[in-house]
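**Student:** Each protein sequence line maps, in turn, to chains A and B.
Oh and the first sequence: position 52 is 250 in this note's numbering, straight run, nothing missing.
Oh and the second sequence: position 271 is 310 in this note's numbering, straight run, nothing missing.
Source of the hints: derived by calculation from the structure; they are not laboratory data.
Within a straight-line C-alpha distance of at most 30 Å, the following computed DSSO-like cross-link-like pairs (lysine-lysine) qualify: (1) K184/B / K365/B; (2) K336/A / K388/A; (3) K284/B / K365/B; (4) K388/A / K408/A; (5) K342/A / K41/B; (6) K427/A / K408/A; (7) K336/A / K41/B; (8) K388/A / K342/A; (9) K41/B / K285/A.
On a predicted model such as this, the values are computed, not experimentally measured, just so you know.
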Amino acid sequence: MPDNFLSVEGASVSFGKGDARVRALQNVSLAFERGTLSLVMGPSGSGKTTLLSMLGCLLSPDEGTVFVDGAAVNQLTEPEKTAIRQKKISFVFQAFRLFHSMNALDNVAIGFEIREPGEARRMEMARDLLLQFGLGDKLQQEPKELSPGEKQRVAIARALAGNPPILLADEPTASLDAEAGRNICEILRKQADEHGRTVVVVSHDPRWRKFAHRTVILRDGQVQRMVTKS
Amino acid sequence: MKLAWQNIIHDRSRFSVTVLGVCFAVFLMIFQGSLLAGFLRAASRLIDASDSDIWITARGVQAFEFGTTLESRVREMAAGVPGVVETGRVCMAFAVYRTPNGTQQVVALVGADPNIGSRFPVPNMLESAGETSPDAVLYDVSDRKQMQVSSLPAEVEINRHRASIEREIEGYGAFLGVPFLFTSYRNAAHFMGFRSEDAMYILLRVGNGYPVADVQQNLRQRLPEIDVLTQSEFAHKSRMYWTMKTGAGGAILTAAVLAFLIGLVVVSQTIYANTMENIEEYATLKALGASQTFVARIVLSQALICGVLGSILGLIAAIPSVGYAKSLIPWIYSPWWLPAVMVVPSLVMCALASIASVRSALTVEPGRVFRA
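Only chain A is shown next, with the shape it has when bound in the complex (with noise of 0.2 Å):
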């Protein structure tokens, strides 16, 4: 029985109208459990980010339901739903995403300023992530003098600071070589295994299939497949 933690009910989502209306999602329903690694797979188009948009709460279905943490959040106004993102959810992106003027130690800082605002220790916070990452020697650097997966382990520990339950990865190895992809796929993992968070990646790249504890694969807009490891 889903807790409905984080799930979509019978989801749907068009965009554009008349002739040109696409369905990128259709009649989806889906649950994802605390302390899973869930692997989002599709070819382009299959509605892949339209999901983690929906489960992220930056965009609401045509149709259906989108529950957060027991939460319908379809009803919820732009400033709640602003707030369940502050508190439970947070992301990885492929294009890391990172603030270009803030070196990798103010770029998790100001994870900690949104999400903990009254928090006083964010820099040593914020410091500790990183060296947990391994970027103990990168806390000054720029994004542009880190290597692409320093920039993803930045965003990461960013993404981290808070403690949000929920962390929604768009292809975050994309944008990397193998080493560093294996890397973040063990990080990720990490998160749900040994800090029960309920992480949704999305992508194309098959080495997440080892990681997953599920895949579900989309074809378009609807769930063709999924398959859960034992």
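Starting from the known structure of chain A, fit chain B onto it as the hints suggest.
**Tutor:** What follows is chain B alone, placed relative to chain A:
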């Protein structure tokens, strides 16, 4: 707010342009403000220098510089009104001044009775009575060049009458581009060809226990064909004439407003360009859960940082510049509070300039963060 600071200093050339834009606007606003303040002060300076409660002028006189003669009976009638304890006379007319070396110069000759106020520059007022003769002529130190007096006392001619220039004073420099000369009422009337009993302005002092408004009302009833104004009313009228009716104040104000608008455009352009360049970062912030207030604060902070730094530079540039300008424009005046007060419109300017940028940052779709 580190992001706000980092974002603006990351592009140093744009940051410099923004700060210089604000600096220029603040400089110009302070300079124009000093011109306006000085102009207003100079426009009523002689009226303010008297200690009188009431000024009587010919009907329709707009400013001190445009007085005309009053009949001698006016003074006598005014003196008979209950509450009036003292009367004095002031006159002013343009005259031809001939320098010791024979050059001619138009001057504004002001004559006053000694009892109209210790700040009014007349030779026989109490403070300087021992130093100058009762019929001495005084001029402002800023007009020394035009007076062409090499040493004091100096014998000159005013309207073909011999006169003795005996002293330099300060704070009463040329306002109309024509130097002021000050002398006793009797002397001025002689130079101007007035009858000694005539007056141009009659100044009244009201005794204790008599409300000035009541005395003024009484005078208006008895002297309906002339203007009876309190000192502050005449000063205000004079200031309004010079600033509004001549358009001079409007021109100065327009320049100040233009400075504000130039600053507004410069700051809004650069802050907007900066915001649009970093629009993906604002989308990221929103995706990460940053509130609208948080996002707006970053953009606004950028504008205000530029505003504060530009204002500081503007103040640093304006204060000595106004000081230097005093040697060229003697009446320019910067009250101590003016530079501080001008920081407020500059910050308002920066806040206004950030409106379009704040809107862009607030309306950006956080979902765009998924586009690679």
